[in-house]
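Student: Since chain A is already given, all that's left is putting chain B with the ligands on it; use the hints.
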Amino acid sequence: MGQTIKIDDNLASSNRPLSMHPKKFALWLFMVTIVMIFGALTSAYIVRKADGNWLEFELPLVLWVNSIIILLSSATIQWAYFAAKKDELNQVKMAMTITFILGSLFVIGQYYAWSELVRMGVFFGGNTSNPSGSFVYVLTGLHALHLISGIIFILIILVASFRYKVHSKNLVKIEMCVSYWHFLDFLWIYLFGFLILYN
Amino acid sequence: MDLAHISTDSHINHSHDHDHDHEELSWIQKYIFSEDHKVIAKQYLFMGIMWAIFGGAMSLIFRLQLGFPNASMDWLQPLLGDWIKEGKLDPEFYLALVTMHGTIMVFFVLTAGLSGTFSNFLIPLQIGARDMASGFLNMLSFWFFGLSSIIMMVSIFLETGPASGGWVIYPPLSALPQAVTGSGLGMTLWLTSMAFFIVSSLLGGINYITTIINLRTKGMSFFRMPLTIWAFFITAVIGLLSFPVLFAAALLLIFDRSFGTSFFLSDIYIAGEALQHTGGSPVLFQHLFWFLGHPEVYIVLLPALGITSEIIATNSRKPIFGYKAMILSMLAIAFLSFIVWAHHMFVTGMNPFLGTIFMFLTLIIAVPSAVKAFNYITTLWRGNIIFTPAMLFSIGLVSFFISGGLTGIILGNAAADIQLHDTYFVVAHFHLVMGSASFFGMLAGVYHWFPKMFGRMLDDTLGYIHFWISFVGIYMVFFPLHYIGIAGFPRRYYSFTGFDFTRSFTDLNTFVSIAAIITFTAQFIFVFNFIYSIFKGRKANSNPWKSNTLEWTTPIHPGHGNWVGEIPTVYRWSYDYSKPGASEDFIPQNVPYAHTPESNLPNEVDPVAHKH
Ligand code: HEM
Ligand SMILES: [Cu+2]
Chain A
720 MGQTIKIDDN
730 LASSNRPLSM
740 HPKKFALWLF
750 MVTIVMIFGA
760 LTSAYIVRKA
770 DGNWLEFELP
780 LVLWVNSIII
790 LLSSATIQWA
800 YFAAKKDELN
810 QVKMAMTITF
820 ILGSLFVIGQ
830 YYAWSELVRM
840 GVFFGGNTSN
850 PSGSFVYVLT
860 GLHALHLISG
870 IIFILIILVA
880 SFRYKVHSKN
890 LVKIEMCVSY
900 WHFLDFLWIY
910 LFGFLILYN
Chain B
29 MDLAHISTDS
39 HINHSHDHDH
49 DHEELSWIQK
59 YIFSEDHKVI
69 AKQYLFMGIM
79 WAIFGGAMSL
89 IFRLQLGFPN
99 ASMDWLQPLL
109 GDWIKEGKLD
119 PEFYLALVTM
129 HGTIMVFFVL
139 TAGLSGTFSN
149 FLIPLQIGAR
159 DMASGFLNML
169 SFWFFGLSSI
179 IMMVSIFLET
189 GPASGGWVIY
199 PPLSALPQAV
209 TGSGLGMTLW
219 LTSMAFFIVS
229 SLLGGINYIT
239 TIINLRTKGM
249 SFFRMPLTIW
259 AFFITAVIGL
269 LSFPVLFAAA
279 LLLIFDRSFG
289 TSFFLSDIYI
299 AGEALQHTGG
309 SPVLFQHLFW
319 FLGHPEVYIV
329 LLPALGITSE
339 IIATNSRKPI
349 FGYKAMILSM
359 LAIAFLSFIV
369 WAHHMFVTGM
379 NPFLGTIFMF
389 LTLIIAVPSA
399 VKAFNYITTL
409 WRGNIIFTPA
419 MLFSIGLVSF
429 FISGGLTGII
439 LGNAAADIQL
449 HDTYFVVAHF
459 HLVMGSASFF
469 GMLAGVYHWF
479 PKMFGRMLDD
489 TLGYIHFWIS
499 FVGIYMVFFP
509 LHYIGIAGFP
519 RRYYSFTGFD
529 FTRSFTDLNT
539 FVSIAAIITF
549 TAQFIFVFNF
559 IYSIFKGRKA
569 NSNPWKSNTL
579 EWTTPIHPGH
589 GNWVGEIPTV
599 YRWSYDYSKP
609 GASEDFIPQN
619 VPYAHTPESN
629 LPNEVDPVAH
639 KH
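Protein sequence lines, in the order shown, are assigned to chains A and B. Residue 720 is where the first sequence starts when you use this note's numbering, and the numbers rise one by one after that. Residue 29 is where the second sequence starts when you use this note's numbering, and the numbers rise one by one after that.
In short, the hints are calculated from the structure, not lab data. Ideal placement from N, C-alpha and C gives every residue a C-beta, glycine not left out. Incorrect hints may have been included.
[As the list claims (entries may be wrong)] To give a feel for the contact side, a few chain B residues facing chain A, derived at Cβ under 7 Å:
| no. | residue |
| --- | --- |
| 1 | A161 |
| 2 | N242 |
| 3 | F287 |
| 4 | Q304 |
| 5 | S309 |
| 6 | P310 |
| 7 | L490 |
Okay, chain A solo, but in the shape it has when bound:
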């Protein structure tokens, strides 16, 4: 016991060792739940694929374009963050606007990818569908849903930035938005890589 009590007291007298902004912390936990959902789905994918009876098809090429778009958007949102830190408010607005546009383009692009899939005869449901195709729809669709929530978050920050509420003394919200967006970007890259690898 002796040793630990010493350590405990050190912890107690320092300034809340593990303290992180509670809202940011909660956001990270939220991202953990998203990871678990997609972890479950991709594991289910692997397990199901091992069973055989698996339709093989080419992923639509537009997914590559979309991936580049979303990578770019990560860069622009980071730019917005740096600008906010330096109180370059006009740059913040511009960078956030561009991110917003890129994000929306990504969602539109994903929708386009779906119509490509349909044109190729890969359907979500119905008697000609195969789980391999359905999985692609579920993974991209669920990701797009989360991405839309990210776009709404960006919109909120954008509005706030027009009201001069995003600056170096008020960074928590934009920091959360940036983390979430990078996370969604990363998640897409994971999903895309996964689909390429296991298709």
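Tutor: Relative to the frame of chain A, chain B with the ligands by itself:
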């Protein structure tokens, strides 16, 4: 002893700058959409009790069928309407009842009712915080549960019946209305309800974890936290990692049911007609489900164990035996709970080698479980035991945990499980180790923290009567089921008299049913005590159990914000009971070592005031 010691340090809890404690709130904000964790906890408790009565009553109806297969059930017609046909319970409704009973008890009572009540109530009070990290999300969490409850309740009154494929909702049973009518709209509502339930659990869990990590009062290091908090913390982490997986499974099932996909449905012929589904794997669903399902049983159990740790230590007037071992066991259980799920699937035709691995991992869980049981017993050993009702229920929990855990070890052996799977043996196992143990933990918690919740005491005599009838009754209900199970009787069968090999068990089943009726009825002693004492109970003093934890340093009726003035600082762990040399047999956590020179160990000194 100076209990109201005020720290001279200027570090006050800063994280609540967004709270405006002294505003006048409207009635609705105070009691319906409250953001006060204590009110939300009570909302969960009331809702949990309501569901428990409902779920319990359902089990009585199917116990009547099992225990008295020839009796007429006409007298239930006014209540059940068309579900009673010619004096008999409709077989499909039997399945619906079993399914709803399981769903309600596992999720609504022992997950939401238990974690929702005690995590909400105790986390801020015991770690020294004014409220949860986000009162708003907390309120939202409760109301998602409310929404989920309403939807589930509506599904029970559908003409086609509620979901009937078992609480584990295996497809294809749950996916095809042709299988059972409850798999139509009833199942859709079940899935919708559970989706909201998952959102509610996740919001709650995120809040619990954030609060515990970020809002502990000064001096409340991790290894000074009461074991209740550790248990709630680990429970929330398990929930955070496993509920999303159930969500994923439910989502795919929704697509299979309503959008024509075939994730879980392979080629199926009904009346010679092929369904349009092809290529799915029903076993895949079981993997996803049990990846949640097994951790879920610990989500249900761990809070009860945490509550028990606190109550047993307090009422044995002894430090908990093996504080760190308790934490480590819980961490080990949490970790292992994620890699044993396939022990529910030994008979799905899985590779026997894989089965062996899961068997091995499953049996390892017995080790940390045994450590916990051992530590409870050694805490009791030679303690100055005070048999409060809460203490009795906690000891009862330990008893159920041991007797039900032992059968888990039997089931964990793949070879034995081939015989026992899906028999009443499994029913006996989990009703003891999960159902009864967690239920007792919940009751123990209510008996123990009632004074803090309502400022009054529950009646002890009624508590003792409630305990003894429940304790004996539960063993009378579930012990015989082991034999019925070993003899091979499958669970979820409507009729015990339908087959030659089960006819001999009618007597035993009658006995079980009578015991169940008595046990259920005895719960109303508690309900009466609970409601009566809220209004008329003996007034509580500020620390009725002479306990060390921080919640007893708040006013008898704590307002929103919990403490008037500064939050107490913590100087020691919460288990300084009967410390040699001390003048009293307990030293609350907020008493500095400087005030207790007579009992300090050589290394116990207060932290030196630090530079500012
Ligand atoms: C020593 C530790 C334990 C072991 C080795 C163990 C093992 C098992 C096994 C192998 C089964 C599957 C039986 C079958 O379906 O054929 C099972 C079922 C079950 N166990 Fe345990 N168990 C243990 C402790 C627990 C605890 C602590 C809980 C809950 C708090 C629990 C709750 C359940 C439930 C709910 C089921 C049945 C689920 C269902 O099919 O509806 N078990 N257990
Ligand atoms: Cu299990």
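Student: For every hint, state whether the structure bears it out.
Tutor: Hints and how they fare:
Nearest Cβ of chain A to the Cβ of B:A161: about 4 Å, under the 7 Å cut. The hint holds. Interface restraint check: B:N242 against chain A, minimum CB-CB distance 5 Å, threshold 7 Å, status holds. A hinted interface residue such as B:F287 counts as satisfied when its beta carbon comes closer than 7 Å to some beta carbon of chain A; here the least separation is about 4 Å, so the hint holds. A cut of 7 Å between beta carbons decides the hint on B:Q304: the least distance to chain A is about 4 Å, and the hint holds.
At about 5 Å, the closest approach between the beta carbon of B:S309 and any beta carbon in chain A falls short of 7 Å, and the interface hint on this residue holds. With its C-beta approaching chain A no nearer than about 11 Å, B:P310 sits outside the 7 Å limit, and its interface hint is violated. Interface restraint check for B:L490: the shortest CB-CB distance to chain A comes to about 41 Å, outside 7 Å, so the restraint is violated.
Hints 6, 7 from the list above are not met by this structure, while the remaining hints are.
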